[in-house]
Amino acid sequence: MTDRRRHHDMGGVPEADPIPQEGHTSEPWEKRVDAIKALLSDNKRKLLTTDEMRRGIEDLGADAYERYSYYERWIASVTNNMLEKKVFTVDELGRKMAEIEARQDNKPL
Amino acid sequence: MSARYKEGDSVRVRTAYPPGHCRTPFYCRGKSGVVVRHCGEFRNPEELAYGAYEGPLTPMYRVRFEQKDLWPDYDGSARDKCEIEIYEHWLVPAEGADHA
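Protein chains in written order, with this note's numbering: chain W, 1 to 109; chain D, 1 to 100.
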């Protein structure tokens, strides 16, 4: 029966880690991911529902789901959803990421 | 869409394993509980998740389960409950067949 359980749906699974109860702070990039999600979902844009976000996270697969942090899962799902909706192309995204990486590399320390 | 169930009705969660996104936890599938509230009508998350924003509204209920019914090895109090919000298409009458 367990093969019918999708990986993310782990409530009550014995090997799942306990839920951390203490609070935590967010990195600036994590807050930015949160803001991107909120803006894409607002009434002006309506490009992403919470359900589409969740579907995208669940569809990352068990390996990525375990390897990625919470907001890494978020941005991966946002990215895939925007590619599916043709908001940008793989090529545009790749070029933009390379441009930003180059900008970071050239920054004086 | 009119609500099929009301407070106090005994219901069972369908023993179903659709391959895509859904909000019904695995651990309550096939388990029986009691409707404690009709929460309102909402768009179906299983459709919203795939970009269908304009689907019909579907009733959602808060269903109360006995913890000992959800977990075979539950060792807490026999009176402990767990309440889960479940969409109508996942529920059948407690005594009915899964695909009524």
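Keep in mind that a hint or two might mislead.
[To be verified] Pairs of lysine to any residue, SDA-like flavour, derived with a Cα cap of 20 Å:
| # | chain 1 | residue 1 | chain 2 | residue 2 |
| --- | --- | --- | --- | --- |
| 1 | D | Lys-68 | W | Lys-85 |
| 2 | W | Lys-85 | D | Pro-72 |
| 3 | D | Lys-31 | W | Lys-37 |
| 4 | W | Lys-37 | W | Pro-14 |
| 5 | D | Lys-68 | W | Gly-12 |
| 6 | D | Lys-31 | W | Gly-11 |
| 7 | W | Lys-37 | W | Met-97 |
| 8 | W | Lys-37 | D | Tyr-50 |
| 9 | W | Lys-86 | D | Tyr-50 |
| 10 | D | Lys-6 | D | Ile-84 |
| 11 | W | Lys-85 | D | Lys-31 |
| 12 | W | Lys-86 | D | Gly-51 |
| 13 | D | Lys-81 | W | Val-13 |
| 14 | W | Lys-46 | D | Ala-94 |
| 15 | W | Lys-44 | D | Pro-72 |
| 16 | W | Lys-86 | D | Leu-48 |
| 17 | W | Lys-46 | D | Tyr-5 |
| 18 | D | Lys-68 | W | Pro-14 |
| 19 | W | Lys-85 | D | Glu-47 |
| 20 | D | Lys-31 | D | Glu-83 |
| 21 | D | Lys-31 | D | Glu-47 |
| 22 | W | Lys-85 | D | Phe-42 |
| 23 | W | Lys-86 | W | Ile-36 |
| 24 | W | Lys-46 | D | Gly-55 |
| 25 | W | Lys-85 | D | Ala-94 |
| 26 | D | Lys-31 | D | Pro-72 |
| 27 | W | Lys-46 | W | Thr-79 |
| 28 | W | Lys-46 | D | Leu-48 |
| 29 | W | Lys-31 | W | Lys-86 |
| 30 | W | Lys-85 | W | Arg-54 |
| 31 | D | Lys-68 | W | Met-10 |
| 32 | W | Lys-37 | W | Glu-58 |
| 33 | W | Lys-37 | D | Leu-48 |
| 34 | W | Lys-37 | D | Ala-3 |
| 35 | D | Lys-68 | D | Ala-94 |
| 36 | D | Lys-31 | W | Asp-9 |
| 37 | W | Lys-46 | D | Phe-42 |
| 38 | W | Lys-31 | W | Ser-69 |
Source of the hints: derived by calculation from the structure; they are not laboratory data.
Cross-check of the supplied hints:
no. : hint                   : verdict
1   : D:Lys-68 with W:Lys-85 : violated, 45 Å
2   : W:Lys-85 with D:Pro-72 : violated, 44 Å
3   : D:Lys-31 with W:Lys-37 : violated, 35 Å
4   : W:Lys-37 with W:Pro-14 : violated, 32 Å
5   : D:Lys-68 with W:Gly-12 : holds, 13 Å
6   : D:Lys-31 with W:Gly-11 : holds, 15 Å
7   : W:Lys-37 with W:Met-97 : holds, 18 Å
8   : W:Lys-37 with D:Tyr-50 : holds, 17 Å
9   : W:Lys-86 with D:Tyr-50 : holds, 15 Å
10  : D:Lys-6 with D:Ile-84  : holds, 15 Å
11  : W:Lys-85 with D:Lys-31 : violated, 38 Å
12  : W:Lys-86 with D:Gly-51 : holds, 13 Å
13  : D:Lys-81 with W:Val-13 : holds, 18 Å
14  : W:Lys-46 with D:Ala-94 : violated, 39 Å
15  : W:Lys-44 with D:Pro-72 : violated, 48 Å
16  : W:Lys-86 with D:Leu-48 : holds, 18 Å
17  : W:Lys-46 with D:Tyr-5  : violated, 33 Å
18  : D:Lys-68 with W:Pro-14 : holds, 16 Å
19  : W:Lys-85 with D:Glu-47 : holds, 16 Å
20  : D:Lys-31 with D:Glu-83 : holds, 12 Å
21  : D:Lys-31 with D:Glu-47 : violated, 24 Å
22  : W:Lys-85 with D:Phe-42 : violated, 24 Å
23  : W:Lys-86 with W:Ile-36 : holds, 17 Å
24  : W:Lys-46 with D:Gly-55 : holds, 15 Å
25  : W:Lys-85 with D:Ala-94 : violated, 41 Å
26  : D:Lys-31 with D:Pro-72 : holds, 11 Å
27  : W:Lys-46 with W:Thr-79 : holds, 15 Å
28  : W:Lys-46 with D:Leu-48 : holds, 12 Å
29  : W:Lys-31 with W:Lys-86 : violated, 25 Å
30  : W:Lys-85 with W:Arg-54 : holds, 16 Å
31  : D:Lys-68 with W:Met-10 : holds, 18 Å
32  : W:Lys-37 with W:Glu-58 : holds, 17 Å
33  : W:Lys-37 with D:Leu-48 : holds, 16 Å
34  : W:Lys-37 with D:Ala-3  : violated, 33 Å
35  : D:Lys-68 with D:Ala-94 : holds, 17 Å
36  : D:Lys-31 with W:Asp-9  : holds, 16 Å
37  : W:Lys-46 with D:Phe-42 : holds, 17 Å
38  : W:Lys-31 with W:Ser-69 : holds, 14 Å
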